[in-house]
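Enquirer: Just so you know, the sequences run in chain order A, B and C. Take the first sequence: its letter number 77 is residue 77 in the working numbering, and every next letter is one higher. In the working numbering, each residue carries its 1-based index in the second sequence increased by 1000. In the working numbering, each residue carries its 1-based index in the third sequence increased by 2000.
Keep in mind the hints are simulated off the structure, nothing from the lab. Among these hints, one or two may not hold up.
[As the list claims (entries may be wrong)] The calculated DSBU-like cross-link candidates involving lysine-lysine, where the alpha carbons are at most 30 Å apart (straight line), are: (1) 2203(C) to 2363(C); (2) 2363(C) to 2324(C); (3) 123(A) to 2006(C); (4) 2070(C) to 1064(B); (5) 1165(B) to 177(A); (6) 2057(C) to 2074(C); (7) 2074(C) to 63(A); (8) 1005(B) to 2381(C); (9) 2412(C) to 1096(B); (10) 177(A) to 2158(C); (11) 128(A) to 2381(C); (12) 2006(C) to 1096(B); (13) 1005(B) to 2070(C); (14) 2006(C) to 2104(C); (15) 2270(C) to 123(A); (16) 2003(C) to 2070(C); (17) 2158(C) to 2353(C); (18) 177(A) to 1168(B); (19) 2203(C) to 2332(C); (20) 1005(B) to 177(A); (21) 1168(B) to 16(A); (22) 177(A) to 1096(B); (23) 2057(C) to 2003(C); (24) 2057(C) to 1064(B); (25) 2324(C) to 2412(C); (26) 2293(C) to 2324(C).
From a predicted model like this one, the values you see are computed outputs, not experimental measurements.
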Amino acid sequence: MSKNNNLSIVTKGILKENPVFVLLLGTCPTLAVTNNVFGAFGMGIAAMIVLICSNMLISALRKIIPDGVRIPSYIVIIAGFVTIVQMLVQAFLPELNDLLGVYLPLIVVNCIILGRAEMFAGKNTVGKSALDGIGMGIGFTLALVSMAIVREVLGAASFAGIAIPFLEPYKISFLVKAPGGLLVYGVLIALVYIITNGKAPKKRSFSCEGCPSRATCNPSACGGEKEEA
Amino acid sequence: MEVLKSLLVILLSSVLVNNYVLSRFLGICPFLGVSKKLDQASGMGVAVTAVMLIATAATWPIQKFILDPLGLGYMQTIVFIVIIASLVQMLEILLKKFIPALHAGLGVYLPLITTNCAVLGVAVNNINDGYNFLESMISSLGCGLGFLLAMVLFAGVRSRIDETKVPKPFRGVAITLIAASFLSLAFMGFAGIVDKLFA
Amino acid sequence: MMKHIKSILTLFVICAVVSVALATVNGITAPIILDRQNQAAAGALLEVMPDGGTFEKVDLSEYELPASVKEAHKASNGGFVIQIEWAGFNPGNITMVGVSADGKVTGTKTITVKDSGGNGKDSAAEIPAMDANGYYVGSDINTIDGVDTIGGVTVSTKAYRAAVKDALAAATILGGGSYVSPEQLLLNNLNAALGTEGVEFDKHFFAEVLEGVDTVYVAKNSAGYVVVIGENFIGVANGAVVGGVDGETNAIAVSAEDKATAETSVATIKATTYTDIDLTQYEGISANITSVKVTNGGVYVIEIDGEGYGINGSYGSKEHIQIKVSISADGKMLSCETVYQNETQGFGDACSKAEFYEQFNGKTLSDYTDTRTEIEPSERKDYVSDIDAIAGSTVTSAGYKLAIMNAFNAVKILEGGAN
């Protein structure tokens, strides 16, 4: 295992396989908590911790867990970590808990985490899985924060809750509301396409990649087409 | 009468005002993924509504009669997700065995629902909002119907997008999201209507 | 078979291990979370009562308090912080209310807002803003009902106001006092005057001239009448005075003069008969007047359709209001009553309260500067300038005045005067 290879596991999560802008995973929290930079950052870190821990544990147990109960086991492990993170946040960061609300326990069903467990951790060593978790976590956090910056600065004229007075008269408050989230996400994806000159995102449609139930799922039901890549 | 009114308010606000997909962003993945064709969209919507109702019927009593009395509130997330996952699994097996026709129609969507955050979201929100059992069921019904409504509307929108010439960078996902944004904008117009109706 | 057992066993072990891990973490975090919540609560206590000093939790089981009161802390300065749980648009809103030793609101802090949405405004934002601006600060139990609700979130603010009133009542009771609502006090006075218990009363609609009398109440079980003269309540049963109390339910000796007034009044009320008047005989009487009766004492009892927010074409589609008035032959208004109204809650329906329409009582036409019986909608604001129109209900206020001007006009015609 070369050093270069390890590094690429981390970096691919940040850029080449960015979970939000390239793999198009974890859209629910991406849209829901990005009206505030602080909340977005907190969600990113919380998800990253769960991702790293669950990746490592699942990888460690990959030879012990029988194939038949793979998905249930993953779900229990992930839910366990999510609950631990939730309790810690409640105890030590109550402001973040208020901001994230129901989306904090919903990390359980964040496709990124189950998806990485199924696609990576179940097949790779503990070390690699941890690196994958770090990379994906950073990529997820960066994507959330960048979206939150656009939405909060332009929509609420503030940054992480700190008001930016000179922008106040120009704020577009619909950006922090639900439709603004969808709009900004769509525009950012188009922007990533333009910046990367059409190389990313490769996917032109939402599909089942990363969906943990993909194995049992009839592709036509997911509306997924054959990916272009 | 008062009870009926409050139930109606819960139902209408969860269908229109607090639409799970369009204003709370729960269940976005299937909303964007499975809304390409009308029959798929409505199939998914019906399946989600059914699972939401079953999940609430199972999780509410467990929270109130097992977790709360034993002081195990912190086990909520893990217990709920396990229950929902096994319920969905069971539902699929039962459908396959006893009503194969329905399974052919809805069964394919069921595995996707296991990790649908809307279902877990409904179960958790019903507890957080302090609803009683009947209110929880009505709220789940409303959320499911709201999801179905959003799916069906959006399937219509998407079939029009497919026929339109879209600038290259926006093709595919980007334009889908922007179209969803406009649908969400339209639903924002419902805010306040329910309050006004029963004021 | 072995495979299945192994699978189930593995899953079971994973579940068990995760559960143990969760219980351990919960053991560490639960006390911290509880402590934090307590601290936040104490912070909220000081927030609603900055000079409260130290607080001590009150055992509520010994008191009979409004159901909305969930918790109370006694402050070292003699005040109370009351925690109320109330339902506006949604149930489960929780507010802390500070009440000073002299019964005034020192601050409010809503720690949980379940209400959301509203007509153009969002309760979830408006209610905390009300707290921050000290919306109810300084109100006491008698003045709180006079505090405006906030348009756009009327449902929430009305419920909120009622909840704060509950807190004020609770603070009075906890402070060792007793709180009797104005409605209850009135009922107690009426029963004490008549020597009855638990009887309900109707306000008598004056269809006769009773000199020196403020109000008359009629017992619903026909036990008798209570005549209010000034502050005093005088009970009359079977035509004779049976007792009297002051406004605080204390028995008083009824003066001979009041005795005579009360007895005469009741006799007059009992002797009143009504005769229908055929309006087709007269010209110039507004078509809105639906019925006129005249009493043997020469007082006219007139029922009128008023124009509320609805009947005028340019305003919505609510139905009209119906008002009943009595006017003496010499043109003095004796009584006014809303028979029916279906005005917008929180706006026009405010006019159906006695406080509003009773301002017309005792006045004659010459008390008004603008006596037109027909006006354009655009002129309503000027038209209501000589009554205490209710802000936010100008249209309905004007509807009442217009109806009353029509009644005055009708009496003038019936008495043979020129239109």
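Enquirer: So which hints don't hold here, by number, going up?
Expert: 7, 8, 9, 11, 14, 15, 16, 22 and 23
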